[in-house]
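Enquirer: Here are the chains, one letter per residue:
There are 2 protein chains.
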Amino acid sequence: MKLYEWDFAPNCRRVRMFLLEKGIEVPKEECITSNIVLKDPYLAKYEHAMVPMLELDDGAQIGEALSIWIYLETLHPEPPLMGTTALEKATISAWERRAYDEGMVGHAEIFRNSHPKFVDRGLPGHREPVPQISGLIDRGKLRVARFHRKFNEQLSRNKFVAGDRFSVADITTITVVDFGHALEMQIPDDCPYVKRWYDEVQLRESVRQSLPTHLPDGSPMPVAA
Amino acid sequence: MKLYEWDFAPNCRRVRMFLLEKGIEVPKEECITSNIVLKDPYLAKYEHAMVPMLELDDGAQIGEALSIWIYLETLHPEPPLMGTTALEKATISAWERRAYDEGMVGHAEIFRNSHPKFVDRGLPGHREPVPQISGLIDRGKLRVARFHRKFNEQLSRNKFVAGDRFSVADITTITVVDFGHALEMQIPDDCPYVKRWYDEVQLRESVRQSLPTHLPDGSPMPVAA
Chain A
1 MKLYEWDFAP NCRRVRMFLL EKGIEVPKEE CITSNIVLKD PYLAKYEHAM VPMLELDDGA
61 QIGEALSIWI YLETLHPEPP LMGTTALEKA TISAWERRAY DEGMVGHAEI FRNSHPKFVD
121 RGLPGHREPV PQISGLIDRG KLRVARFHRK FNEQLSRNKF VAGDRFSVAD ITTITVVDFG
181 HALEMQIPDD CPYVKRWYDE VQLRESVRQS LPTHLPDGSP MPVAA
Chain B
1 MKLYEWDFAP NCRRVRMFLL EKGIEVPKEE CITSNIVLKD PYLAKYEHAM VPMLELDDGA
61 QIGEALSIWI YLETLHPEPP LMGTTALEKA TISAWERRAY DEGMVGHAEI FRNSHPKFVD
121 RGLPGHREPV PQISGLIDRG KLRVARFHRK FNEQLSRNKF VAGDRFSVAD ITTITVVDFG
181 HALEMQIPDD CPYVKRWYDE VQLRESVRQS LPTHLPDGSP MPVAA
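Chains as they are written, first to last, in this note's numbering: chain A, 1 to 225; chain B, 1 to 225.
Among the clues, some could well be false.
Identical copies look the same in the list; a pair holds intra-copy or inter-copy alike.
Below 27 Å or equal to it, Euclidean Cα-Cα: the simulated DSS-like pairs (lysine-lysine) are [stated by the list, open to error]:
1) LYS141 <-> LYS2
2) LYS28 <-> LYS141
3) LYS195 <-> LYS28
4) LYS195 <-> LYS150
5) LYS117 <-> LYS45
6) LYS117 <-> LYS150
7) LYS117 <-> LYS141
8) LYS22 <-> LYS89
9) LYS150 <-> LYS45
10) LYS150 <-> LYS39
11) LYS45 <-> LYS159
Derived from the structure by calculation, the hints contain no laboratory data. Since the structure is predicted, the reported quantities are computational estimates derived from the model, not experimental observations.
So that you can see chain A by itself, here it is in the shape it has in the complex (with noise of 0.2 Å):
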């Protein structure tokens, strides 16, 4: 098996503390240029040009990381991030999917319509120009204060995002908030179960060490404020 993926990139990030709870050990490849782009290389063995994307010693590639955790959970069960009864199951998805349509896509909005790099790559995985459109910054700020909001109830309940136990629902989550970080947005002060929840998770070492190491356009991760 071999990762590729740019370390920066929140959605790379996600399978890296999938895999750091897991204690798998999987060759990585960067895959970016200095110039933020993905490497020809990497464009030409993989038709969807995105990361992350994990390669089977056979050649099979399974992109998206949703989907890549659901192949390593199904050959290495222990410990359950994706939980193990129906309910589990479902309740865990359903916050990943939140943190996700809201948290990441939301600071994904801000990012990719914003950053000088980006002008005309709105989206990733199109090869032909995708202009950006600045009034999804607005936007995406909308999505986020929502996420905060959410998330803050939710946590005022619950130990994890998706209960008693750590999930890919808090991988998600976590990925976000430091997306936010990354992007000068710190948990709101009227969020404080997010910002209770978040410092415990800081002792998770999958955490700490799935850190990207540098911003996009090479300066140190800020950590948060």
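Once you've looked at the hints, dock chain B against the given chain A.
Expert: Frame of chain A; chain B shown alone:
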């Protein structure tokens, strides 16, 4: 169990088609007014303010179509719609996600940002105003064009979207194509493999029976040209 839905909503159809494939009967409640807003009792019941939502007999709520599928697939594994081996599960998940991110989100961007009843409702699940963004109509069309190209290529090599068996990847893709019909967008002429597959899946009872009956304006749901 009870399924709360809006008959036209593509994400609700994903659940209806799944239930029909499994042969599971669940009572359904339509939650939308003639003005296309969610009814007050439903909004009071379900904080996420979206459909579909599956309510269990003990009151537990499962939101998100994917999470409802996971719940039902775990309790009713036959016939499998989400794969059985690790690689099958991951492959189905990845293609289902592509159908969603490229096709469903593309159509939703066109629909939400152009429909006169969705002024200030640019995103689902927000209780405060979210302005429409007209630039997302063209961006949505770019996404949908990529969806058609990519799925035509995939269906040139495979009977179904994710391989030899009908799966949730087909369910989402069918829903995307018919959402396109509701927006007067047909399968492009240069996508013969999508057309071949679409004609074949029309033979399934689950596909026909799950089709919405009406457009949001009350006129009959259109069929393929």
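Enquirer: Looking at the structure, which of the earlier hints fail to hold?
Expert: 1, 2, 3
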